[in-house]
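**Q** Going down the list, the protein sequences come from chains A and B. For the first sequence, the numbering used here gives the first residue as 1, with consecutive numbering after it. For the second sequence, the numbering used here gives the first residue as 1, with consecutive numbering after it.
Each hint should be verified, as a subset may be incorrect.
As the list claims (entries may be wrong) - Computed beta-carbon distance windows for the label pairs: (1) B:R146 x A:G279: 50 to 58 Å; (2) A:V351 x B:D89: 52 to 60 Å; (3) A:E231 x B:K132: 35 to 43 Å; (4) A:I295 x B:E106: 13 to 21 Å; (5) B:E165 x A:L177: 27 to 35 Å; (6) B:K132 x A:A115: 25 to 33 Å; (7) B:D218 x A:A115: 33 to 41 Å; (8) A:L114 x B:D115: 40 to 48 Å; (9) B:D99 x A:I295: 55 to 63 Å; (10) A:V351 x B:P228: 20 to 28 Å.
Rather than coming from a laboratory, the hints here were simulated on the basis of the structure. Backbone N, C-alpha and C fix where the C-beta goes; we use that ideal spot for every residue, glycine too.
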Amino acid sequence: MNRRKLYFWMHLLHGVLILLLILSGAVLYIDYFRILFVDFKWQIRQLHTAIGFIYFAAVLFILPNVLPYVKAHRRWQKTFHICLMITLAVGWTITGFVLWINPTSYLGFRQLNLAIHDTLSVFILIWVAGHVLLWFLKKKKLYQPQPLSAHQDRDQGMLVSRRDVVLLFSGGLLAILLGGLFRWFQPVSDSFLARLDEMKRRGYFRIYSVRTENPVFDPQTWRLSIDGLVENPVELSFDELMRLPKHTYTHDFHCVTGWSVLGVKWEGIPFQEVINLVGRKPEAKYIKMYSADRIYTETYEWSQLTQKTAMLVYNLDDKPLIESQGAPLRLFHPDMYGYKSIKWVNRIEFVDQRELGYWEEKEGYDLDGYIS
Amino acid sequence: MGTYLKYAIVVGIWALLFGASFYWMTSREEEQLLVIQKAINNVEDWQSYQSKQTVWADDEQVFEMHSKTRLNPDLTQVSSKAKLTETEDFTVEMFFSSDVIYLHTENPETWKKADYTHPVAGELEGSREPTKFWLRLLKYTEQIKRQSENGIQHYSLKLKPFREEVHGMRLEDVTGATMEIWLNEQPLVLQKMKVHVELKPSITKIFNQMDYLIEFSDVNQPIEIELPSAAEKAEKLQ
Numbered sequence: 001m002n003r004r005k006l007y008f009w010m011h012l013l014h015g016v017l018i019l020l021l022i023l024s025g026a027v028l029y030i031d032y033f034r035i036l037f038v039d040f041k042w043q044i045r046q047l048h049t050a051i052g053f054i055y056f057a058a059v060l061f062i063l064p065n066v067l068p069y070v071k072a073h074r075r076w077q078k079t080f081h082i083c084l085m086i087t088l089a090v091g092w093t094i095t096g097f098v099l100w101i102n103p104t105s106y107l108g109f110r111q112l113n114l115a116i117h118d119t120l121s122v123f124i125l126i127w128v129a130g131h132v133l134l135w136f137l138k139k140k141k142l143y144q145p146q147p148l149s150a151h152q153d154r155d156q157g158m159l160v161s162r163r164d165v166v167l168l169f170s171g172g173l174l175a176i177l178l179g180g181l182f183r184w185f186q187p188v189s190d191s192f193l194a195r196l197d198e199m200k201r202r203g204y205f206r207i208y209s210v211r212t213e214n215p216v217f218d219p220q221t222w223r224l225s226i227d228g229l230v231e232n233p234v235e236l237s238f239d240e241l242m243r244l245p246k247h248t249y250t251h252d253f254h255c256v257t258g259w260s261v262l263g264v265k266w267e268g269i270p271f272q273e274v275i276n277l278v279g280r281k282p283e284a285k286y287i288k289m290y291s292a293d294r295i296y297t298e299t300y301e302w303s304q305l306t307q308k309t310a311m312l313v314y315n316l317d318d319k320p321l322i323e324s325q326g327a328p329l330r331l332f333h334p335d336m337y338g339y340k341s342i343k344w345v346n347r348i349e350f351v352d353q354r355e356l357g358y359w360e361e362k363e364g365y366d367l368d369g370y371i372s
Numbered sequence: 001m002g003t004y005l006k007y008a009i010v011v012g013i014w015a016l017l018f019g020a021s022f023y024w025m026t027s028r029e030e031e032q033l034l035v036i037q038k039a040i041n042n043v044e045d046w047q048s049y050q051s052k053q054t055v056w057a058d059d060e061q062v063f064e065m066h067s068k069t070r071l072n073p074d075l076t077q078v079s080s081k082a083k084l085t086e087t088e089d090f091t092v093e094m095f096f097s098s099d100v101i102y103l104h105t106e107n108p109e110t111w112k113k114a115d116y117t118h119p120v121a122g123e124l125e126g127s128r129e130p131t132k133f134w135l136r137l138l139k140y141t142e143q144i145k146r147q148s149e150n151g152i153q154h155y156s157l158k159l160k161p162f163r164e165e166v167h168g169m170r171l172e173d174v175t176g177a178t179m180e181i182w183l184n185e186q187p188l189v190l191q192k193m194k195v196h197v198e199l200k201p202s203i204t205k206i207f208n209q210m211d212y213l214i215e216f217s218d219v220n221q222p223i224e225i226e227l228p229s230a231a232e233k234a235e236k237l238q
């Protein structure tokens with residue numbers, strides 16, 4: 001195979017592998033795809049990892065062949081592009097490896113690697129778009145790079161040489177490495193201690209709702225109806241609800257689509273208090289909850305909600321729930337995925353037959369939603 | 001001139017990358033602090049456990065508290081003994097159910113009860129949630145050292161001066177403090193924590209140093225706690 005053909009196939013292989021990584025990564029990263037492929041989450045993650053290893057092996061194979069190419073092409077732009085691709089490959093490989101190992105003893109480091117991995121993946125999309133556009137313009141002869149004169153790559157005024165590009169990238173990688181290493185051996189910083197309460201949180205809430213507009217909470221008119229197979233059906237105002245015994249504890253929130261928010265402080269009313277208040281009839285084996293959005297419902301076995309940590313929550317991290325979090329009242333069950341923690345609860349019905357909840361009916365989610 | 005400018009830009013980019021990496025990275029000690037914080041927070045997730053808290057003032061034991069906690073059904077039993085004089089102790093037993101707190105003293109034999117809206121409820125609840133004090137202490141960390149042996153991680157923290165309160169003992173004018181934490185590595189389970197506090201000598205103080213130890217046991221093991229029948233006759237706390 002002649003050199004030109006070899007470069008073509010290497011370029012194609014590199015491009016295809018990056019495309020596969022971007023596609024599989026998008027399923028793990030973008031909410032819409034995560035929900036769409038929720039049942040195959042772990043398989044997709046494993047596929048992404050496997051392609052990552054193949055990509056790394058391909059880069060190792062390509063790299064020795066790229067050096068003669070760089071030597072043969074004197075334009076600094078080409079060198080820049082190749083240096084950038086090598087930098088991305090190094091970045092993805094290192095951060096991907098860290099995420100694959102998943103070191104739970106280094107929570108901050110892991111989170112940083114995830115952020116870098118995601119950022120590089122978003123960056124490559126923009127870069128590839130520009131790369132393809134340039135290729136298209138050249139093909140249509142709308143843009144032609146000027147040929148270089150004999151000594152143009154040497155330092156003359158602000159002319160940039162290939163040497164400068166290599167210096168920039170190698171020095172840049174070294175600077176990142178040294179910056180991280182230098183920090184690693186530093187003592188605990190005051191800024192870190194000041195943020196320690198926030199640092200316990202790893203991740204962030206991604207807001208899902210099944211309607212475009214969230215229900216609005218008006219303390220004057222809001223009521224929680226608790227009825228069905230109970231001895232004493234009640235309708236509680238928010239003030240009346242606040243008078244019930246409360247409980248506070250800290251627990252992670254896990255979404256079935258793969259993201260988590262760690263160390264969330266939940267404050268609310270243990271559901272057992274609601275059962276005590278209304279008196280469950282023996283035939284009421286199940287509980288159905290309704291959301292004020294008039295669409296979302298969830299069902300539970302009554303015994304699943306008797307542990308103290310299964311709560312009707314109104315405060316999150318010492319602040320009242322905001323509208324998108326389900327204000328004023330939502331369920332939280334620490335052992336179940338987030339889709340079971342119904343938001344904007346305004347009615348609780350004790351029933352003798354169990355129905356499917358919103359996602360169980362729509363997408364076939366597990367009825368109990370226990371975190372596996 | 002152009003060459004100088006070019007290299008100045010290159011060096012500037014390097015400096016920027018160095019700074020960004022330094023800023024976003026966490027140090028080894030900070031990572032260790034996050035692990036400790038996570039282990040302490042995990043206590044709230046335990047389904048059941050026992051704890052023993054002991055306080056020494058100038059090497060003399062002045063306070064002891066035992067607690068048994070079970071989350072489901074929810075009941076916590078706390079018994080504490082505080083030294084009043086050389087010959088006198090004050091003992092009290094508390095039971096925390098989901099809606100009522102029961103207080104029991106032996107001499108004289110009395111049972112009182114209060115709900116969670118009572119003004120003293122907040123303070124009483126502090127005795128069954130012992131981790132809050134330790135989480136606050138982490139914010140005073142100056143230096144951390146870690147040793148690992150037989151699956152146990154032992155952390156030694158040097159703390160900056162702070163103002164706190166431990167079971168009614170005010171800690172002011174702290175000149176130095178150290179905190180030790182023992183964690184089981186796999187799974188991550190908090191075993192015990194100890195803090196040693198040195199106070200500035202003063203004629204108004206009755207002690208110059210304090211040690212406070214909390215030990216956890218029987219984590220997620222079946223624990224028998226029973227509310228005595230005498231509690232049914234408890235009077236409402238005024």
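**Q** Each hint should be assessed against the structure and marked as holding or not.
**A** To see whether the hints hold, each was checked on the structure:
1. B:R146 x A:G279: 50 to 58 Å: holds, 53 Å
2. A:V351 x B:D89: 52 to 60 Å: Because 54 Å falls inside the window, the suggested range holds.
3. A:E231 x B:K132: 35 to 43 Å: holds, 38 Å
4. A:I295 x B:E106: 13 to 21 Å: violated, 58 Å
5. B:E165 x A:L177: 27 to 35 Å: violated, 46 Å
6. B:K132 x A:A115: 25 to 33 Å: holds, 31 Å
7. B:D218 x A:A115: 33 to 41 Å: holds, 40 Å
8. A:L114 x B:D115: 40 to 48 Å: For D115 of chain B against L114 of chain A, whose Cβ atoms are near 45 Å apart, the range 40 to 48 Å holds.
9. B:D99 x A:I295: 55 to 63 Å: violated, 34 Å
10. A:V351 x B:P228: 20 to 28 Å: violated, 38 Å
Checked against the numbered hints above, the structure violates hints 4, 5, 9, 10; every other hint is satisfied.
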